[in-house]
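Chemist: The lines below spell out each chain.
Protein chains: 2
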Amino acid sequence: MSRLLYHLWLSPFSRKVRVLLTEKGLPFELKVEKTWERRTEFLAMNPAGDVPVLVEPDGTTLTDSQVIAEWIDETQPAPSLIGPDPLQRAETRRLVQWFDGKFNIEVTENLVGERVMKRFLKLGEPHAPAIRAGLANIHYHLDYIGWLAERRTWLAGDDFSLADITAASHLSCIDYIGDVPWEQHDAAKDWYARVKSRPSFRAILADHIPGLSPPSHYADLDF
Amino acid sequence: MSRLLYHLWLSPFSRKVRVLLTEKGLPFELKVEKTWERRTEFLAMNPAGDVPVLVEPDGTTLTDSQVIAEWIDETQPAPSLIGPDPLQRAETRRLVQWFDGKFNIEVTENLVGERVMKRFLKLGEPHAPAIRAGLANIHYHLDYIGWLAERRTWLAGDDFSLADITAASHLSCIDYIGDVPWEQHDAAKDWYARVKSRPSFRAILADHIPGLSPPSHYADLDF
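Top to bottom, those sequences are chains U and X.
108 is the number that UniProt numbering gives to position 108 of the first sequence; each next residue is one higher, with no gaps.
59 is the number that UniProt numbering gives to position 59 of the second sequence; each next residue is one higher, with no gaps.
By construction, these hints were calculated from the structure, which means they are not laboratory data.
Incorrect hints may appear among the rest.
Heads up, the list lumps identical chains together, so a pair's fine if it works in one copy or across two of them.
[Claimed, not checked] Simulated crosslink set (DSBU-like; lysine-lysine; CA at most 30 Å straight-line):
1) Lys-102 with Lys-118
2) Lys-102 with Lys-122
3) Lys-31 with Lys-122
4) Lys-122 with Lys-24
5) Lys-189 with Lys-122
6) Lys-24 with Lys-118
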């Protein structure tokens with residue numbers, strides 16, 4: 001039995017685990033889970049009903065992107081993508097939580113959530129004030145990414161880490177629908193170009209959702 | 001310099017760290033941070049602007065309750081409150097995320113958020129449909145706690161863990177405003193009675209916010 005990841009194409013949490021597994025050199029298969037259908041067998045694996053869900057080759061089932069990330073870091077320690085010591089690990093986790101928590105609520109949910117997921121989840125029409133909020137909020141987050149990237153090699157410090165993976169996973173979903181104002185944020189754009197050029201990001205850039213094409217710059221390494 | 005925790009009285013995330021530090025036998029001082037005032041010095045410590053923030057005796061500053069919990073578990077491993085092996089740790093973290101994520105959005109924010117925090121944060125009047133949603137949602141979460149507690153000694157398994165601390169931290173905030181329907185959920189109530197009787201929970205039960213008294217059963221171990 002091979003490793004299996006239940007996911008959705010524009011779920012940043014699923015993308016985070018896809019990139020992490022690839023950075024760790026762990027092969028896996030992908031299976032789309034239409035979470036809005038609330039399949040009984042899927043809810044038995046994950047009562048929270050969301051993706052990602054990882055089924056390890058021995059059948060061990062794990063849910064929640066950060067639970068999965070900590071599990072992989074503990075069971076497959078090299079290369080460490082959280083960090084070598086408690087202080088570095090705290091900084092990586094702080095930024096992971098920044099993007100999975102604050103950025104997700106202030107930006108991703110307002111843009112990808114309103115424009116795309118709401119349709120799939122049959123939650124009604126996109127809410128224009130939410131989209132406007134997302135388009136406004138993304139600027140200060142891109143400023144923060146730029147601020148970090150100008151002071152550090154990667155977002156959490158000297159090494160590429162789960163912080164970069166998490167930030168890039170959210171941004172790649174938003175970039176897929178053309179909502180990232182790269183032209184106004186050079187430092188963030190330079191950092192994202194470096195993430196895009198990593199082999200672990202290739203599969204993300206090759207994503208192509210039927211009926212929803214990305215803009216031409218989405219997969220372009222020199223965007 | 002002693003260990004200092006910036007907190008708010010009805011912040012479940014702050015309570016989680018208070019109980020965790022006490023379970024670990026680590027002394028600390030509490031300082032209320034009125035996060036809605038957005039103090040410059042506080043934002044310099046934590047750009048996210050929320051509590052808890054922990055300042056260690058050597059000045060190391062940590063933010064986000066789960067980042068702090070992982071830091072404490074790594075720097076002060078005994079007794080482990082996440083678990084002895086990766087699989088148990090994944091289950092503890094899954095439940096921590098359940099309560100800090102799902103329960104928080106579906107219940108805590110709708111009840112404590114609407115009835116109390118909205119006033120402090122000057123976000124307007126409580127939203128009646130949100131309160132109704134919180135009062136409806138809490139039932140299935142109490143059922144889930146009861147379901148776990150009937151099958152395991154503690155929520156995540158044989159040992160008292162961060163999962164119990166996290167669930168009880170949220171419930172204690174809601175219990176402070178009298179919104180937990182204990183009488184309809186015996187198994188969850190029995191579990192919470194066991195948490196309440198732990199020495200680490202004494203300070204939580206002694207909380208008394210000026211102008212907002214808890215109901216008489218709040219601190220009662222035999223409620």
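Chemist: Taking the numbered hints from earlier one at a time, note which ones the structure violates and give those numbers from smallest to largest.
Modeler: Numbers 4, 5, 6 - these are the hints that the structure violates, sorted from lowest upward.
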